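Residue numbers (the working numbering), protein chains in the order written: chain A, 2 to 541; chain B, 2 to 541.
Hints are supplied without guarantee of correctness; some may be wrong.
[Said to hold, decoys possible] Okay, derived cross-link-like pairs now, DSSO-like style, lysine-lysine, Cα gap no bigger than 30 Å in a straight line:
1. A:Lys133 - A:Lys51
2. B:Lys265 - A:Lys338
3. B:Lys338 - A:Lys51
[Unchecked claim] Partner residues are not named here, just some residues of chain B that face chain A (Cβ under 7 Å, in silico):
4. Met204
5. Cys215
6. Lys537
[Said to hold, decoys possible] Coverage of chain A stretches by chain B, computed from C-beta distances (three or more under 8 Å per stretch; other residues unrestricted):
7. 9-15
8. 212-224
9. 311-320
These aren't lab readings, by the way, just hints derived from the structure by calculation. This one's a predicted model, so the numbers in the text were calculated from it and none came from an experiment. Positions of the beta carbon are idealized from the N, C-alpha and C atoms, including for glycine.
Protein chains: 2
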Amino acid sequence: MNGLMMDTPLTIQMILERARTFFPKKEIVTKLANGVHRYTYKDFYHRVAKLITVLDQLGVKNSDRVATFAWNNYRHLELYFAIPCSGAVLHTLNIRLAPDQLAYIINHAEDQVIFFDAMFAPLMKQLKPHLKSVKQFVVMDGGAIEDDDFKALSYEELIEAAAEGSFPELKEDMAAGLCYTSGTTGNPKGVLYSHRSLFLHSMAMTMKDNTGLCEEDRILPIVPMFHANAWGMPYTSAMIGATLVLPNQFMQPIDILKLLIEEKVTVTAGVPTIWIGVIQLLEKEQFDLSNLRVVLIGGSAVPASIIDYFDRKYSIAVLQAWGMTETSPLGSIGRLKSYMQSLSKQEQLAIKTKQGIAVPCIEIRAIGDNGQVIEWDGKSLGELQVRGPWVASGYFNTDERAEAFRDGWFSTGDIVTIDAEGYISIADRAKDLIKSGGEWISSVDLELALLGHPKIREASVIAVAHEKWVERPLACIVLKDQFKGQVSSEEIIDFLRDRFASWWLPDAVVFIDEIPKTSVGKFDKKQLRNQYKEFKLPEK
Amino acid sequence: MNGLMMDTPLTIQMILERARTFFPKKEIVTKLANGVHRYTYKDFYHRVAKLITVLDQLGVKNSDRVATFAWNNYRHLELYFAIPCSGAVLHTLNIRLAPDQLAYIINHAEDQVIFFDAMFAPLMKQLKPHLKSVKQFVVMDGGAIEDDDFKALSYEELIEAAAEGSFPELKEDMAAGLCYTSGTTGNPKGVLYSHRSLFLHSMAMTMKDNTGLCEEDRILPIVPMFHANAWGMPYTSAMIGATLVLPNQFMQPIDILKLLIEEKVTVTAGVPTIWIGVIQLLEKEQFDLSNLRVVLIGGSAVPASIIDYFDRKYSIAVLQAWGMTETSPLGSIGRLKSYMQSLSKQEQLAIKTKQGIAVPCIEIRAIGDNGQVIEWDGKSLGELQVRGPWVASGYFNTDERAEAFRDGWFSTGDIVTIDAEGYISIADRAKDLIKSGGEWISSVDLELALLGHPKIREASVIAVAHEKWVERPLACIVLKDQFKGQVSSEEIIDFLRDRFASWWLPDAVVFIDEIPKTSVGKFDKKQLRNQYKEFKLPEK
């Protein structure tokens with residue numbers, strides 16, 4: 002027997018309607034080259050309603066994929082709502098990918114239209130001959146492009162000419178968003194979000210024990226809107242009527258700090274590498290961060306030094322979250338439980354550097370080498386598996402990696418321990434673990450320790466082939482500018498000596514100028530491993 | 002095209018599993034005649050798992066209704082989870098109803114088993130001959146009952162003998178809970194909650210802009226578990242691992258205050274009449290309420306005097322919520338928007354006395370006399386309609402009042418205004434509005450003003466027939482003990498004179514000892530109107 006409750010679909014339309022109804026005066030702010038663009042959710046709503054007509058005029062049908070190629074800005078936000086609310090699928094393209102990867106992804110997704118920031122026109126022109134499905138290009142800022150070999154309609158002209166459209170009735174299980182991840186091996190793979198998954202994820206983001214986003218927040222997502230939906234913050238902000246502050250392409254530490262201050266931002270979010278740069282600047286100059294209450298960090302394990310820095314210097318809470326494109330992304334969050342408040346600062350910091358407990362709706366387990374579920378003892382290693390209503394059940398239009406979705410669980414590829422309190426601690430990506438003489442060494446643990454060294458700016462530890470031990474760790478170090486050429490390998494290794502078993506210590510240290518970054522700003526170990534494939538470790 | 006997300010059902014099982022997994026050490030506390038009963042979510046979980054076996058042994062099948070007749074205590078909480086997690090339907094009976102109403106409801110619901118607190122054994126015995134479907138009685142505290150004409154199994158003996166059962170697979174749309182409301186005319190009507198509706202409602206309760214319940218909270222629901230699921234707090238608390246403090250039958254102001262203090266309660270919830278009694282006691286004696294951060298009040302409009310009292314004297318936020326059994330119950334909540342923080346205290350108080358804006362997932366509108374949707378101008382009156390995933394789509398097993406569920410909206414029977422900011426203000430229950438000479442007078446507005454009078458304890462304003470004006474208001478007043486016999490009708494009317502148009506002023510005042518209460522502790526206007534049906538108003 003079913004309950005007698007309304008069969009109300011949980012859709013992006015409901016979020017949009019809520020912003021219009023209850024928060025018409027609240028603002029969306031976008032950084033521009035000169036000053037900012039500022040308008041209200043009411044203005045926003047009316048433009049989204051016009052876009053419904055525009056999409057129809059462009060020939061976009063139900064479930065068609067419509068791509069965006071843009072920074073975090075208000076027009077991108079309009080498309081975030083208009084495309085799924087029209088019944089089509091928002092496909093956010095990663096602007097940092099190589100052209101051949103982009104062509105593969107666009108063709109695989111069968112995108113019908115691409116909306117792009119004007120600065121990317123040359124790239125679009127270059128891509129066009131390789132695209133099989135795209136029927137229209139629309140340039141989001143600036144006038145139409147009418148070159149012989151490349152034409153693009155003007156977004157503003159289309160909106161200008163359009164009447165507000167009416168929203169079709171949607172079901173909550175319908176596809177709403179598509180995001181490709183190149184995190185796994187082989188071709189990039191698409192994660193196809195539903196209205197339901199995006200809606201539930203937005204609700205979860207507002208739970209007080211999760212990120213606790215609320216109406217009075219002024220939220221700056223530094224994490225790109227082309228990366229796991231900017232961790233859901235655009236949808237969440239509209240649901241609760243929070244002020245949204247969008248950085249556009251202005252992503253340098255100084256730009257970020259200025260925007261934080263000028264727009265009185267209360268919550269911001271990005272990957273650890275962003276904060277390493279920001280902290281460097283904070284150490285040199287004075288900035289007033291008194292409005293900021295939460296820095297949400299995810300995407301890679303967060304060094305204790307970052308958490309400690311913000312806490313000690315600014316009383317700002319760093320919240321560490323774990324997730325993946327396949328998990329929408331919020332999977333777990335690193336908050337202390339109430340009875341942990343009595344622990345020492347040091348013990349608390351140790352817990353905060355873990356990736357936290359699963360958020361409501363998400364279930365976790367980890368599978369050891371023997372195929373069995375591991376004990377939650379904080380020691381046993383296993384691959385993290387998750388399930389829940391905003392976890393992918395498969396990749397879009399491919400059977401590749403189908404084994405990652407067996408038995409109703411998604412295998413994340415993250416090797417973790419889980420402690421008795423349920424806190425996940427990521428030891429490594431499965432492919433980054435270093436196997437030395439049959440024992441695992443966690444590159445993540447070594448890196449997190451190294452990043453706490455006062456002279457080190459960036460650090461990455463990779464496996465290098467070794468005749469006797471199969472693999473041994475190599476530490477790749479970027480020193481802070483003022484310490485360049487003044488630090489020895491011994492000093493680095495000595496720093497680690499007290500913290501780890503001797504057989505964990507890297508066999509060598511290389512000092513480099515920069516650690517290569519992935520398209521979403523994380524340290525790119527794949528590239529680093531390639532670079533040092535032939536590296537000859539010292540004899541021991 | 003559907004999204005490719007896991008089809009994870011949102012069920013009470015998931016909430017239970019979460020409490021067991023991440024919060025096994027957190028406590029559930031129940032007030033007893035001597036001291037308290039205290040155990041953990043872990044202990045709780047194992048008893049719930051045993052109850053799965055017990056229910057099976059009692060012959061309870063999928064979708065069977067299983068009734069509880071109990072105060073807010075830990076055994077009742079166990080049944081809150083065990084019954085729906087077994088696939089059956091938890092039917093919470095209102096212990097304050099008259100025997101004939103109870104018999105009607107139990108027979109209509111076709112309850113198979115009734116679990117009851119031992120103190121209600123005489124009533125159960127009295128009811129038994131009138132019950133058609135009940136096959137088993139189980140007494141929750143104390144030993145089995147083996148009378149000739151009434152037998153009841155012992156809850157503790159059943160649990161003692163049972164092994165832990167396994168949980169069946171459930172779908173989220175399945176019925177999980179049943180609660181009858183006698184708020185409408187005619188027979189009591191059943192609202193049939195689904196797993197999905199209860200789950201989503203629990204998530205909503207934890208959103209920071211709603212009640213913002215969180216793990217560190219110690220939550221005391223004074224609102225009974227037989228009334229709209231104690232506003233969802235039992236399920237919400239388990240989802241977030243909050244400490245739950247249950248008052249059992251100890252509901253006098255002194256009991257409540259003692260429990261608040263001894264258990265360091267941070268959030269409590271109940272109808273306004275409870276707080277009127279508590280404030281009376283607070284005015285006489287000193288109590289340390291420093292742990293309490295939120296008093297959630299709903300069920301009737303909240304007098305400004307209560308909000309102001311807690312704010313001024315204790316810096317405790319009174320959160321006013323609106324809801325009904327048919328809305329699970331959370332429909333709207335009275336928080337200020339961030340830009341209202343700059344208003345004067347007085348202006349803020351005026352907003353806080355409204356019933357707030359709809360919570361996420363819930364949509365609202367109001368329909369005027371002419372059948373049209375009213376303007377949101379804070380003046381136009383209309384009947385509030387709501388829709389959303391935890392709003393009833395009909396009543397259980399009856400077509401009575403089907404007109405309340407037309408066009409996908411539920412007509413609440415509350416006459417409201419909605420202002421430009423989206424804040425609902427309840428003018429009256431439709432049936433309580435006073436129609437004088439073709440114009441509406443809001444009894445609620447008059448009552449809220451009267452409750453602000455320093456000498457008045459309780460106040461209710463009802464319509465009395467009038468030859469010329471059709472209806473005119475009569476004020477029924479209960480004075481505080483120390484002012485009994487010392488206040489004139491003129492003083493009361495004069496108090497209202499500055500606040501309302503002269504034609505709104507009651508034509509007469511009667512001083513009485515107590516205002517009759519409904520089974521859920523609200524002022525019972527139906528009874529009052531009956532009592533004064535023949536009241537002769539003074540000639541004017």
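Taking the hints in turn, this is what the structure says about them:
1. Simply put, Lys133 (chain A) and Lys51 (chain A) have alpha-carbon atoms about 28 Å apart, close enough for the 30 Å limit, and the pair holds.
2. For the hint pairing Lys265 (chain B) with Lys338 (chain A), the CA-to-CA distance comes to about 17 Å; that is within 30 Å, so the pair holds.
3. Taking the CA atoms of Lys338 (chain B) and Lys51 (chain A), the gap is near 28 Å; set against the 30 Å cutoff, the hint holds.
4. Hint status for Met204 (chain B): holds, given a least beta-carbon distance of 5 Å to chain A, under 7 Å.
5. Annotation: interface hint on Cys215 (chain B) holds; nearest CB of chain A at approximately 4 Å, less than 7 Å.
6. A least Cβ separation of about 46 Å between Lys537 (chain B) and chain A goes past the 7 Å threshold, and the interface hint is therefore violated.
7. With 3 residues bearing a CB less than 8 Å from a CB of chain B, the stretch 9-15 of chain A meets the requirement of three and the coverage assertion stands.
8. Requiring three or more residues with a Cβ within less than 8 Å of a Cβ of chain B, the coverage given for the stretch 212-224 of chain A holds, as 5 such residues are present.
9. Three residues within the 8 Å Cβ limit are the bar, and the stretch 311-320 of chain A against chain B gives 0, so the coverage statement is violated.
Violated hints, listed in ascending order, are 6, 9; each of the other numbered hints is respected by the structure.
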